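2 protein chains.
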Amino acid sequence: MSFRALQPGDLVAVLAPAGPARPEALQAIEPLYARQGYRLRLYPSCRAEDGYLAGPDALRLADLHAALADDAVAAIHCLRGGYGAMRLLDGIDAALVRRARKLLIGYSDITALHALWCREGLASLHAPMPASDLVKPGREDDETALFALLRQGLRAGDVLAPALDPATRAAGLHVGGRAQGRLVGGNLSLVAALLGTPWAWDAAGAILFLEDVGEEPYRVDRLLTQLRLAGVLGAAAGFVLGSFTEQEPPAALLREMLATLGKPLLAGWPSGHGTPHRPLPLGVRVALDADAGTLRLCEDVLRAK
Amino acid sequence: MSFRALQPGDLVAVLAPAGPARPEALQAIEPLYARQGYRLRLYPSCRAEDGYLAGPDALRLADLHAALADDAVAAIHCLRGGYGAMRLLDGIDAALVRRARKLLIGYSDITALHALWCREGLASLHAPMPASDLVKPGREDDETALFALLRQGLRAGDVLAPALDPATRAAGLHVGGRAQGRLVGGNLSLVAALLGTPWAWDAAGAILFLEDVGEEPYRVDRLLTQLRLAGVLGAAAGFVLGSFTEQEPPAALLREMLATLGKPLLAGWPSGHGTPHRPLPLGVRVALDADAGTLRLCEDVLRAK
Chain A
1 MSFRALQPGD LVAVLAPAGP ARPEALQAIE PLYARQGYRL RLYPSCRAED GYLAGPDALR
61 LADLHAALAD DAVAAIHCLR GGYGAMRLLD GIDAALVRRA RKLLIGYSDI TALHALWCRE
121 GLASLHAPMP ASDLVKPGRE DDETALFALL RQGLRAGDVL APALDPATRA AGLHVGGRAQ
181 GRLVGGNLSL VAALLGTPWA WDAAGAILFL EDVGEEPYRV DRLLTQLRLA GVLGAAAGFV
241 LGSFTEQEPP AALLREMLAT LGKPLLAGWP SGHGTPHRPL PLGVRVALDA DAGTLRLCED
301 VLRAK
Chain B
1 MSFRALQPGD LVAVLAPAGP ARPEALQAIE PLYARQGYRL RLYPSCRAED GYLAGPDALR
61 LADLHAALAD DAVAAIHCLR GGYGAMRLLD GIDAALVRRA RKLLIGYSDI TALHALWCRE
121 GLASLHAPMP ASDLVKPGRE DDETALFALL RQGLRAGDVL APALDPATRA AGLHVGGRAQ
181 GRLVGGNLSL VAALLGTPWA WDAAGAILFL EDVGEEPYRV DRLLTQLRLA GVLGAAAGFV
241 LGSFTEQEPP AALLREMLAT LGKPLLAGWP SGHGTPHRPL PLGVRVALDA DAGTLRLCED
301 VLRAK
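From first to last, the protein sequence lines are chains A and B. In terms of my numbering, the first sequence has 287 at position 287, counting the first letter as 1, and numbering is strictly consecutive. In terms of my numbering, the second sequence has 249 at position 249, counting the first letter as 1, and numbering is strictly consecutive.
Bear in mind the hints are in silico, worked out from the structure with no lab data behind them. Please note that the accuracy of each hint is not assured.
Unchecked claim - Between beta-carbon pairs, the in silico distance windows are:
1. B:G51 with A:G51: 56 to 64 angstroms
2. B:P56 with A:D70: 37 to 45 angstroms
3. B:D141 with A:R47: 45 to 53 angstroms
4. A:D50 with B:D291: 32 to 40 angstroms
The structure presented is a predicted model; accordingly, all values stated were derived computationally and were not measured. Backbone N, C-alpha and C fix where the C-beta goes; we use that ideal spot for every residue, glycine too.
Produce the entire structure from the sequences given, and follow the hints as far as they go.
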């Protein structure tokens, strides 16, 4: 189910369902939305901290529910990832999510919320977040790309054809071919951490997007092995790999566990913890053309006026 | 289903389904079994190394199948954990496991094999392993305890009443009461990594044993949250917690996620990556008495002559 594109002056809700941000990052957020022409509402969780969480579950949950319930909110932009969104899953009012139909923007730990949005039949946007990405130097292109997309919309038939990281194809991380299916997934650690729960994606016939950051090789192996043993890799119709920004890039593992399956696989997609990080719609049907290096949308995500 | 206790001169198969051992550790293994009065067969995986794996999957799998198929083998003692046993799960001949009825001994990454044994209706022994524990200085008591148990057997009605770590009760990690059910689980990371796969335990009415090592707090949180969202914590009848040898012991998290459920919870059980590490039978029905600090076996595990 699609959303309307953002218009100048729209109100963006920024909240922290996962980890806390540093005060310096918060100060830079107001100018960010101002220069893009949006009004900003920073919810209390953005200023809360409780160890690795941005305040207690009840606060982070209340912020999410408040943003969902407010008709003035045009989009929910998560402050940053870290860890903690998953803790909220069984407390979130799923009927409110369906009814509110808010555009959700985020990635990394926010994968848990993408899973919920998808389960409720809603698209969402895997994209850079303010505190972890957009307020940092050198991310101007990512900022421009995200806000241009939010304004211009993303419709059925649109083709995403970003410049791919050539190193991945050189590493043998490529399988040609075409596949069509719902684009699901996100951060590999979270995709695995949702297995066995009601929020695990239905991988049958899906295009599985994966990215990860800072995991040791044996952990990446364990995560991919869990996906394999759970039948997720076998059920998927194709794969899109974002950035794997580990100390040792796990190209050999990804080749062994994914490329050998012979399904269309497109690696080096510029989404994830690396740069550039371009927005990717999740929860919508797409046509993957691994030869051309493109994703064509089969349904509307954001309708511009 | 129970096994016969070991007798002097019995042949013990030592193999490496997971990670590789250092050569120094291997040299100390022969004297270990010799002084306990057993014959030892070191399988080729014990001397193999392929990064974090003890050789290729095919070799580790072949060793396991060979030990299972050999009538002369009285017990399979895993060399060490690390990572890799889980990779073998869908390649293991489950019918051979059922038919061979070999006692399996190990822990940590070997949790994946305990899950398979349990799925095939067989008990197994969560206990120290040669390379990671028994050849190290200061582990003489663990060696004595394990081999005494292997000789003397473990029968229905036997009560395990080890000295518990008093720090855990002081940390509020205790819920009194009694519960009866199959004792399942092992290493928390592996228990979570099996969720969504056919090897996840049926947690309904089970007594869930957990231990872990070296995980950051947010990771322990994510693992327990996955168990919670998957319904495992809600379905279990009670909890036994072994050692959590993390840099910051996650007592507050374990209290929040487990003790608040109000089910009998016994922490400080001397099994896991800490010392002492006493053998614990898995896959068998037990009666947990959290007030007395005991586990009573409801069925035979090892029958002595």
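> Can you list which hints this structure breaks, lowest number first?
Replying inline: Hint check: 1, 2 fail, others pass.
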